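K.L.:
Here the protein sequences line up with chains A and B, keeping their order. My numbering puts the first residue of the first sequence at 1, with every later residue one more than the last. My numbering puts the first residue of the second sequence at 239, with every later residue one more than the last.
Heads up, a few of these hints could be off.
[Said to hold, decoys possible] Computed list of chain A residues with no C-beta within reach of chain B, every gap over 10 Å:
1) Glu3
2) Ala69
3) Ala116
4) Gln141
5) Tyr142
6) Thr166
7) Asp176
8) Gly211
9) Leu225
10) Gly227
11) Lys228
[What the hints assert, rightly or not] Below are the DMTMM-like pairs computed for lysine to aspartate or glutamate, each with C-alpha atoms no more than 20 Å apart in a straight line:
12) A:Lys143 to B:Glu444
13) A:Lys143 to B:Asp304
14) A:Lys96 to B:Glu368
15) A:Lys94 to B:Glu444
16) A:Lys189 to B:Glu444
17) B:Lys389 to A:Asp114
18) A:Lys193 to B:Asp447
19) A:Lys199 to B:Asp447
20) B:Lys378 to A:Glu229
Everything labelled a hint here was simulated from the structure, so no lab data went into it. Bear in mind that the values here come from a model prediction, so they are computed numbers and not experimental data. We put the CB at the ideal spot given by N, CA and C, even for glycine.
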Amino acid sequence: MIENTSLASGSQGNCYRVSDGRTPLLLECGIGWKEIQRGLNFRTSQLAGCLVSHEHKDHSKAVQEMMKAGIDCYMSAGTAEALGISGHRLYIIKAKQQFRIGTWTILPFETQHDAAEPLGFLMANQYGDKLLYATDTYFLQYKFRGLTHIMVECNYALDILQKNVTAGLVPTALKDRVLRSHFSLENVKEFLKANDLSKVQEIWLLHLSDGNSDAGRFKREIQELTGKEVYIARKNSY
Amino acid sequence: MTEKKEMQVAEKAIDLVPGFDSMQSFEFALQAANILAKSSLVPKAYQNNIANCVIALNMAARLKADPLMVMQNLYIVYGRPSWSAQFLIATFNMSGKFSALRYEWVGKPGTDEWGCRAWAIEHATGERLEGALVTIGMAKKEGWYGRDGSKWQTMPQQMLMYRAATWFIRAYAPELAMGMYTTDEVIDLSEDEYHVHGKAAVPNSEELDIVEEGKEVEEETKTEKGPGF
Numbered sequence: 001m002i003e004n005t006s007l008a009s010g011s012q013g014n015c016y017r018v019s020d021g022r023t024p025l026l027l028e029c030g031i032g033w034k035e036i037q038r039g040l041n042f043r044t045s046q047l048a049g050c051l052v053s054h055e056h057k058d059h060s061k062a063v064q065e066m067m068k069a070g071i072d073c074y075m076s077a078g079t080a081e082a083l084g085i086s087g088h089r090l091y092i093i094k095a096k097q098q099f100r101i102g103t104w105t106i107l108p109f110e111t112q113h114d115a116a117e118p119l120g121f122l123m124a125n126q127y128g129d130k131l132l133y134a135t136d137t138y139f140l141q142y143k144f145r146g147l148t149h150i151m152v153e154c155n156y157a158l159d160i161l162q163k164n165v166t167a168g169l170v171p172t173a174l175k176d177r178v179l180r181s182h183f184s185l186e187n188v189k190e191f192l193k194a195n196d197l198s199k200v201q202e203i204w205l206l207h208l209s210d211g212n213s214d215a216g217r218f219k220r221e222i223q224e225l226t227g228k229e230v231y232i233a234r235k236n237s238y
Numbered sequence: 239m240t241e242k243k244e245m246q247v248a249e250k251a252i253d254l255v256p257g258f259d260s261m262q263s264f265e266f267a268l269q270a271a272n273i274l275a276k277s278s279l280v281p282k283a284y285q286n287n288i289a290n291c292v293i294a295l296n297m298a299a300r301l302k303a304d305p306l307m308v309m310q311n312l313y314i315v316y317g318r319p320s321w322s323a324q325f326l327i328a329t330f331n332m333s334g335k336f337s338a339l340r341y342e343w344v345g346k347p348g349t350d351e352w353g354c355r356a357w358a359i360e361h362a363t364g365e366r367l368e369g370a371l372v373t374i375g376m377a378k379k380e381g382w383y384g385r386d387g388s389k390w391q392t393m394p395q396q397m398l399m400y401r402a403a404t405w406f407i408r409a410y411a412p413e414l415a416m417g418m419y420t421t422d423e424v425i426d427l428s429e430d431e432y433h434v435h436g437k438a439a440v441p442n443s444e445e446l447d448i449v450e451e452g453k454e455v456e457e458e459t460k461t462e463k464g465p466g467f
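So here's chain A without its partners, still in its complex pose (with noise of 0.2 Å):
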C-alpha cells in the first residue's frame, strides 16, 4: 500500500511525499522549506530521503536547507554539479544503478529534459509495490514491468497547446522548449499502451500546465484507455 501526497505538482514547484507505511521519502522539493514543513505537519524528520529529479527550481528549490536539515538528498552527479551543491548529505546517485533506502529499492533511469543529468525513479518495496515516478522528460524510452503505482508528468495537450500559440498566449520559443521537455498527454498515452498495466492501481497525473493542460479532460481520457483509478496532483496543499 503506498502513500502518495502532493504537495505541489506544476510549474511553480513540484513535492511529492511517498510512503509504503514504512519508509517516508519526499519527490522533489521545488518549493519553499517552509512549505514543506507545513505540508508535512512539521515532521520532517521522519523523512528518509529525498529524491530529485534534475536541477531546476521547481523541483529542487529547497535542497539546501533539507540537507541543513539533515535530510539526506539524492540526485545525479549532473544535477549537484549543476546546483553546486556538496556535503555529507548528499548522495550521488547513477541511471541504471539501484540502491536502497529503507524499504524501497531504487533504480533510477534517464529522462528527456533540457537539465544537466536528468533522471526518473522505479520504486519497488519489499510489500510488492513497484511505483513509477517520472517527470519532466518527452517521452520515456523505457518499458516497466509489475508496476502498480504509476507518477506520470501529464504537462499539455497538444491541441490546447497549438490553440495558444495560435492565439499568442504562448510563444513560439517557449511551444519549442515544451515540445522537447515535457510530457504530453499524447505521448503519455502512448507511453501506457506500452506497458502492461495489469498489476496497476493507481495512477496520478503531474506536473499540470498551467494554461496548456485541462485536467477533467487529461484525467478522463487516461482514464477511459486504462480501466484505471487516476489522480490529478494537487498543485499545492500548503
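Here the structure of chain A is known, so what remains is to put chain B in place on it, guided by the hints.
P.N.:
Then chain B, alone, in the frame of chain A:
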C-alpha cells in the same frame, strides 16, 4: 586462355562490394556483418546487430569509405540516423571531384548579419561553386538558435561553418549525404510532430526492472544508504 579467365574471375571478386546489388554481394555483406557484429570495437548500435552492420557496410561501399569509420560517424539523434558534420565534410574533401571546402565570412561577429558561405572548385570544370549564405539572423528566424541541445549560442562560428558546409554538399554532392541530415541539423529540425506523434514517443523494447537483491547485495546495503561521497 585459362589464365585470362582466372584473371577475370579474380577481378570480379575484387569488384564485389557488400550490399544489395546481387546475391553474391548480399552474402558477402552478411559474412562481413557477422564478423563486425561480434566485435566489441564497433559502436554499441552495431554490436550483435547484423542488420545494422549490413546497412553500414552498404553505406561504406557506396561512399568508398571504411566501414568502421561509417559506423563511428553515423549517429542516431531523436531516433534518426544522421552523419556527423565532420564526417560529411571529410567525405566531400576526399571525393576527388572538388577542391577542399573553403569558407567565406560576411558581417560582424556577434551580430545577426554574421554569416558564412562554403565554396569549392569543381575539378572537372574549374568552376568556383558557392553554397548558400548562412547567418546568425537566419538561425534565429528558423528557430535553430534557441533549441535544446543546439550549439548555436555556445559555438556560433563552428555551427555557421558546419551548416554552410552541409548545405553546400547537399546542393553540389547530394550523393555523399545519401539523403541523410547531419546530427546538428536533426537537432535544429523544426519537426515538432515527429516528437509528439512520431516513433520517438513510443518506448523502445528495452525493459527496465529492479533486480531482486541477493544476500550478498543485502549485506552491502545494510546501511540503507545509496552510493555517496
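K.L.:
Taking the hints in turn, state whether each one holds.
P.N.:
We went through each hint and held it up to the structure:
1. Glu3 (chain A), annotated as away from the interface, keeps every beta carbon of chain B farther than 10 Å; the closest lies near 20 Å.
2. Interface exclusion of Ala69 (chain A) from chain B stands, the closest Cβ pair being 17 Å apart, more than 10 Å.
3. Distance check on Ala116 (chain A): its Cβ is at least 12 Å (rounded) from any Cβ of chain B, clearing the 10 Å threshold; non-interface status holds.
4. Not every beta carbon of chain B lies more than 10 Å from that of Gln141 (chain A), the smallest distance being close to 5 Å; the non-interface claim is violated.
5. The non-interface label for Tyr142 (chain A) is inconsistent with chain B: the shortest C-beta to C-beta separation is roughly 4 Å, within 10 Å.
6. Residue placement check: Thr166 (chain A) keeps its beta carbon more than 10 Å from all beta carbons of chain B (closest about 14 Å).
7. A Cβ of chain B approaches the Cβ of Asp176 (chain A) within 10 Å, the least distance being about 6 Å, so the stated non-interface status is violated.
8. Every C-beta of chain B lies more than 10 Å from that of Gly211 (chain A), the closest at about 18 Å, which supports listing it as non-interface.
9. With a least beta-carbon separation of about 15 Å from chain B, Leu225 (chain A) lies farther than 10 Å from that chain, consistent with its non-interface assignment.
10. Every CB of chain B lies more than 10 Å from the CB of Gly227 (chain A), the least distance being 20 Å, so the non-interface label holds.
11. Every Cβ of chain B is farther than 10 Å from the Cβ of Lys228 (chain A); the closest lies at roughly 18 Å, confirming the non-interface assignment.
12. Using a Cα cut-off of 20 Å, the hinted pair Lys143 (chain A) and Glu444 (chain B) holds, with the two alpha carbons roughly 6 Å apart.
13. This hinted pair does not check out: Lys143 (chain A) and Asp304 (chain B) have alpha carbons roughly 36 Å apart, beyond 20 Å.
14. Using a Cα cut-off of 20 Å, the hinted pair Lys96 (chain A) and Glu368 (chain B) is violated, with the two alpha carbons roughly 49 Å apart.
15. Proximity of Lys94 (chain A) to Glu444 (chain B) is assessed by CA-CA distance (about 18 Å); at most 20 Å being required, the pair is judged to hold.
16. Of the supplied pair hints, the one linking Lys189 (chain A) and Glu444 (chain B) holds, its CA atoms being roughly 18 Å apart against a limit of 20 Å.
17. A distance of roughly 13 Å separates the Cα atoms of Lys389 (chain B) and Asp114 (chain A); the hinted pair therefore holds under the 20 Å criterion.
18. Among the hinted pairs, Lys193 (chain A) with Asp447 (chain B) is consistent with the structure: their alpha-carbon atoms are about 18 Å apart, no more than 20 Å.
19. Pair hint Lys199 (chain A) plus Asp447 (chain B) holds up; C-alpha atoms about 15 Å apart against a cutoff of 20 Å.
20. At roughly 45 Å between alpha-carbon atoms, Lys378 (chain B) and Glu229 (chain A) are farther apart than 20 Å, so this suggested pair is violated.
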